[in-house]
Amino acid sequence: MAYLNTLNEHKMAKDIFVPILKKMDLKGVKFTGGSDEQGIDIEYYELSKPERFKQYVGIQFKKGDITYSARGTNNSIKEIKNQAEEAFQKEICSVNSGEVNYISRLIVATTGEINENARKLINKAKVKGENTRITYWDQERLAEYINEHWIDEFINYFGIKLEEQQNEEENNDEDEYIVNENYLNENYEKEVKKCRKVKKTMNSWQWEIIEAMINNIFDTDYSSISMSDLLMELESTEDNIRNELLNLVQLKYISLDEGEIYFDGNASDLSKLAHIIIDEMVGAEEFEGNEEYAKSLFFEIIK
0 MAYLNTLNEH KMAKDIFVPI LKKMDLKGVK FTGGSDEQGI DIEYYELSKP ERFKQYVGIQ
60 FKKGDITYSA RGTNNSIKEI KNQAEEAFQK EICSVNSGEV NYISRLIVAT TGEINENARK
120 LINKAKVKGE NTRITYWDQE RLAEYINEHW IDEFINYFGI KLEEQQNEEE NNDEDEYIVN
180 ENYLNENYEK EVKKCRKVKK TMNSWQWEII EAMINNIFDT DYSSISMSDL LMELESTEDN
240 IRNELLNLVQ LKYISLDEGE IYFDGNASDL SKLAHIIIDE MVGAEEFEGN EEYAKSLFFE
300 IIK
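Read left to right, the sequence shown gives residues 0 to 302 (numbering that gives the first Met the number 0).
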């Protein structure tokens, strides 16, 4: 899951799980993510028996644990519930017949775990009196689908060496690095806590923008990113993300200057932590060739 967590949710859905679902012989698999996605990243349909009616399924992808408890929530539970409600209202028009359909099942998929209380709250999005269902794919289910249907492509996509794959399976990856989660928690506890707090103040679209900027730090060592590079990373247009960019500016999380986007205010803590990880790994002679590990370490530690 560490490799998946280096991708934004839309890229993970489009690049990884659309081809996986097609290899599973599901029908009408289509990427629908975007600013007007109405709660669905991928849709497909199943044929009922014996009538062979189309029953549409929508999948919403998230990263990290989805939890709900008395101490608070993680991964924006209420936002997920709202997106689920939107998903059941989305009209799906048949190109051939013009018939309008609605999804009957929503799948909430995440690279982490989903606790029971979170499921109970999200399940309230089901439409009363309608034949609607919500099911869940956690990290184990996603890993199962990757291993069964797309493991060679997955290895090629991320450029995983055979030795790295074996280490991942044995959960020994982290132990081989001096700079790991334990090291950062012991030496930079204050900085890590600040970053976790900042992340929780953003919605998923705002976070995808910030996430792309963080990935750029690990790729280029620059704390700013050009608008064109940001749009390429997000695979989006400026119109689609304009509102979220303006919101981030109003929050004083980013600043814009002659086509460059810079970290600002409290979001600068995210940039600082990324540079801390780079500097520590360079000092330990671990950074070169392990940039993807550095990214996954950053996103894992601020979950």
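Keep in mind that the hints are not guaranteed to be accurate.
[Claimed, not checked] As a list, the in silico EDC-like pairs of lysine to aspartate or glutamate whose alpha-carbon atoms are at most 20 Å apart: (1) K48 <-> D64; (2) K13 <-> D263; (3) K189 <-> D278; (4) K302 <-> D137.
[Said to hold, decoys possible] Here are the simulated distance ranges between beta carbons: (5) Y176 <-> N114: 54 to 62 Å; (6) V99 <-> D220: 17 to 25 Å; (7) R132 <-> K251: 38 to 46 Å.
Just so you know, these hints were derived from the structure itself, not from any lab.
This one's a predicted model, so the numbers in the text were calculated from it and none came from an experiment.
All C-beta atoms in this analysis are idealised placements derived from N, C-alpha and C, irrespective of residue type, glycine included.
For each hint, the structure was consulted:
no., hint, verdict
1, K48 <-> D64, "violated (35 Å)"
2, K13 <-> D263, "violated (30 Å)"
3, K189 <-> D278, "holds (17 Å)"
4, K302 <-> D137, "holds (16 Å)"
5, Y176 <-> N114: 54 to 62 Å, "violated (29 Å)"
6, V99 <-> D220: 17 to 25 Å, "violated (50 Å)"
7, R132 <-> K251: 38 to 46 Å, "holds (42 Å)"
In terms of the numbered hints stated before, the structure departs from hints 1, 2, 5, 6, listed from lowest to highest.
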